[in-house]
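**Student:** Next come the chains, spelled out residue by residue.
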Amino acid sequence: MKLEIKNLHVFIEDKEVIKGLDLAMNEGEFHVLMGPNGSGKTSLSKAIMGHPAYLIKEGDILVDGKSIKDLSTDKIAKLGLFLGFQNPIEVDGLGVINFLNTARGAVSKDNAPFKDFLNEVKSNAESLKIKEDLVNRSLNFGFSGGEKKKVEVLQMAMLKPKIAILDEPDSGLDVDAIKLVAAKINEIRKNTKAGILLITHYSRILKYMEPEYVHIMHDGKITREGGKDLIEEIESKGYKA
Amino acid sequence: MPFETSELYKRYMINLRMPESVDLKPSKEAEALAKKLSESLKIKFDLIITDSEIRSASKNIEISDAGMVDPMSRHYMPGEDKVASFVHAYAKSAIVIRVPDKQKASLNLLSVNHSPLPIFISMAVGDNASLELSEYYFSASKEQSVVAPLHELSAGKNSKVELNILHDENGMTDVGNLCKGRIGERAEVRVNMAYIGGGHTRSRANFTAAEHGKIQVSEVAFGSDGQKFDMATNVTNEKPYSIGRVDSGAVMSGKSLCVLKGFAKIVEGARGVGSQVNQHGLLLDPESRIEALPDMSIDYSNEVSASHSAGTAPISNDVLFYMTSRGIPEDEARRLYIIGFLSKYLTNISNVKAKEVIVSVLLEKLNKKTFGMVPNTDIEKFWLVQKA
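Chains as they are written, first to last, in the numbering used here: chain U, 1 to 241; chain S, 1001 to 1388.
Pulled out of the complex, with its shape left as it was, chain S reads as follows (with noise of 0.2 Å):
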């Protein structure tokens, strides 16, 4: 049964809410945003979306026009996905990054939109090369809109991918992530993903294994303020030894709602694989909600190891007991554990720079309760980071 048909996940789809009309104009807010952003993130951005271009300083990237890219060659065909669908119809240009056999790249993109963004980003990466790619989505107003990124990954033999992604756009954006990706024989891949802003989110990651062929999902969503989030990962151990494995997690609070679905399908004949699920959930108030839907399907196997695992539940008066009896005040011990939690869906981002990012836009969410805006922090301040 495709993933999305099944009545269980349709009952818990969240729709996108797509503008009435799609107005891809150019904003000066926006580029002022990429270049402050440049600055004070103190990371080299190797590709820049604006409204009003998508620009490169990388070798590997190449941008073309949407039209030009061979359909056939897609991973997403137009209507296998709503999101897919409109990225089909209103992308205007394809980001292909091209790593070479044995080569490395590590490169940083950072999206500041006001405008529908609707864009292909194609990776291609050889055999025994390495590709690091760390994406920042920021909106530069505060105006109604539709990021909706699509990832297509080939990972070659024995190469290693670490792809990092953090959406923090306006509580007005609906955001619309997707990724799809083979992963090689003896290949490596590493997806982490924090979702933090948008008003809706809906993403879908559909990943397959081939021999030996390791893929891991690290996916967070921090809620609040009536934040939706739809996210559905689905791994398949395609070939034997392959390794698989989704975690995800997400803190609600303030009526805000998040559905997790994790899919792990191991295919006949796909013999001494590992396959894992976890799902987990922190509720900060009685009236958001989180549902956790952990699935697997093995098909036939006698030589597997799956498990999955999902748990919701608020923080615990006896956590909070131990945390205070040390002297650290209740408001202080709940900031500390709900840092530790998201802590551990970073736990796979090897990109210092990346985690700290992503690590400041959480903090400012936490301690600011705001979202949507760009970060107003100095990553450097950051004990995490490692001076030179």
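Same shape as in the complex, but just chain U (with noise of 0.2 Å):
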């Protein structure tokens, strides 16, 4: 899978946010987007899986060149594009294994057994040491910061997509939990061959893993791309420099 962006330019309302992006990267790339706050990163995620709120008024998205502008967000998702939210929503009295499994049949063919599928979520939600009884529970309600990120990632695991965006998944857990969260990452990475767009404001998730593309973004727009290396700069000069 292929996803290119082309001189974006996304509103809310009368407000564009963002203001001329291009970017593209391809299935089992490494790509992270950092920026300062307000500089329109979140705003890009949620515009390319299609949120109704976000009016892409110029520019286009294309996945495999075909443009996904005007597919709703459950078509764009069937394509294989996921969304990690920084802010995952609480959903009160749906439990994490309905909603996995009723996801789990929109995005694929998988016709495994549900137990065989239970079996799945039980040994990544170890690996994530997401508590037992938390599966078994409301989705995000009443979950932790570090809980509700855990469950994206192993809504990641489960969904296995062609590419990722994730946003922010470092923000919220403390350092074990980053070191947990970033090797289950690379894991799925290794495993699937996933895409992979990582938006964070900070380095710290990214010491442990091995991104290929650095794009930073200001004002709702690339301002400078690169290598792991512009990481180190941004980390000791700062977005300003």
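Do not take every clue at face value.
Claimed, not checked - Mimicking DSS-like on lysine-lysine, the simulated pairs with C-alpha atoms at most 27 Å apart in a straight line are:
#1 U:Lys131 <-> S:Lys1344
#2 U:Lys162 <-> U:Lys109
#3 U:Lys69 <-> U:Lys131
#4 S:Lys1025 <-> S:Lys1082
#5 S:Lys1344 <-> U:Lys148
#6 U:Lys122 <-> S:Lys1344
#7 U:Lys115 <-> S:Lys1344
Said to hold, decoys possible - According to the in silico footprint, chain U covers these stretches of chain S (three or more CB under 8 Å from chain U):
#8 1313-1323
#9 1333-1343
If you are wondering where the hints come from, they were derived from the structure by calculation, not from laboratory data.
Remember, predicted model here, so these are calculated numbers, not experimental data.
Here a beta-carbon is modelled for each residue, glycine too, at the ideal position from N, C-alpha and C.
Put the two chains together into one complex; each comes in its own frame, and the hints tell you how they fit.
**Tutor:** Spelled out as structure tokens, the structure:
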């Protein structure tokens, strides 16, 4: 799968939040998108996934050469795109297992027996040190910030996307949890050959990962691009340098 | 101030439409339907009520002439409530359920009626005894009717009671459900009510907890096609260390209306008590309405834990975006969200079969947009049912 973003202009009502952004990535590649607060990173992720409040007024988003800007969010997900949310939504009453099983049926042709699916959930949850009772509870309801982030990665592991956009998977996590989440994302990438677009403010999670491409975003645009050395420069000099 | 004389409550009170004449005629349809349901729901019914008869197959249940019940032993007095007055005026029979001290009983009641049904159900649960009573009310026809069961519960010391009530009558039926009970010392009572059918529903529940007594009421209404629900639940912490909790939920669509009135009272001297009233609604279209009116009265006490919450909203776009971002189509996401919302009010039901029947009726309404008809379903198909 190839994801291309061409001269993208996105508005929330009358406010332009993405101002002519270009980016391209292939399945299997590891990209990092960094930038200060308010630079438009989360807006970009939501626009890619077709959030109805984010209006694309110019430019395009292509998957394997075909525009997805008019597709509904579920159809975009079915193409193999996944968004790990910065602030996962709480859905009281809807069990994690039920949600995951429904999503599995929607995005894949995985007809594995329910028992095998449950074992896979259990195995992935264990490797993320997610408490056993958590997957039997309502989706994200009453979870701590760290638990929510781990469950996002669990969903990614179960749904096996071709390209995953992970919006700040490290925020709200302690050092040990960051290592754990980074290791799990590395494992998923290795096993599924998924492309990763990891959005973050800080370099701390990237110490445990090997990104290939780094993009710096500022005021709705990509302002710099490079390799992993760019992360070290940002770490020492900040975004304003 | 008596509960329903408050101007605020009167403003939202829904009047039941009484039939012009009450004709208790037997029907073959009710008998046939009761037979079919007994088989298809795979539940052993200990009490079956049809137009022609009330029959019991349990030693815990006694059926007597309504006039033979000592008026002084009744919790509800004539004139106290309009449904109580109706039941007092028209009830032919009284169902008395007795669970002696230290005994256990698990009972199922099926009501399939065509004619109006005013009926007393008295539950006397002894000390250290337990009762699980699940009641299912369906209509046997599409004709206008009134179904008005009047429950009176006396829960002895250290007793445990679970009362599950499902109403899925046709749209022409007025449902008046009354529950009144005294929860003895250290007794635990859970009352779960699901209102799915019925054109007009008027529910009144009123419980009083003694020292260390616990009362938990969960009630949910799922309305469509102009259905109206008026639900008032009142719990009183009468003695120290008692716990009272009311959770009310409503999902409304198709110009339907639901008024939730939850009232918790902590009596003077009832120290160390816990009291909660939570009311939440989900609006599926802009033409439906949910009014949540939580209310508390704490007469005097400096050691209480009391809280109330209320909220009504449509399904948010952010929720739908989150769910659809996992590939789930929007219609299915809405359906899952609604089921999740409704299921919160069924979590206190420990009787798996009762929960399955209620879930199956809710799903039938959600999927086929119909109510008031017998669920055409085999509950064994549902994954929640634990296979032996």
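**Student:** Look at each hint and say if it fits the structure.
**Tutor:** Taking the hints in turn, this is what the structure says about them:
1. U:Lys131 <-> S:Lys1344: Roughly 22 Å between the alpha carbons, so the hint for Lys131 of chain U and Lys1344 of chain S holds.
2. U:Lys162 <-> U:Lys109: holds, 14 Å
3. U:Lys69 <-> U:Lys131: Answer violated: Lys69 of chain U to Lys131 of chain U is near 38 Å, above 27 Å.
4. S:Lys1025 <-> S:Lys1082: holds, 23 Å
5. S:Lys1344 <-> U:Lys148: holds, 20 Å
6. U:Lys122 <-> S:Lys1344: holds, 24 Å
7. U:Lys115 <-> S:Lys1344: Distance ~25 Å between Lys115 of chain U and Lys1344 of chain S Cα, so the pair holds.
8. 1313-1323: holds (count 6)
9. 1333-1343: holds (count 8)
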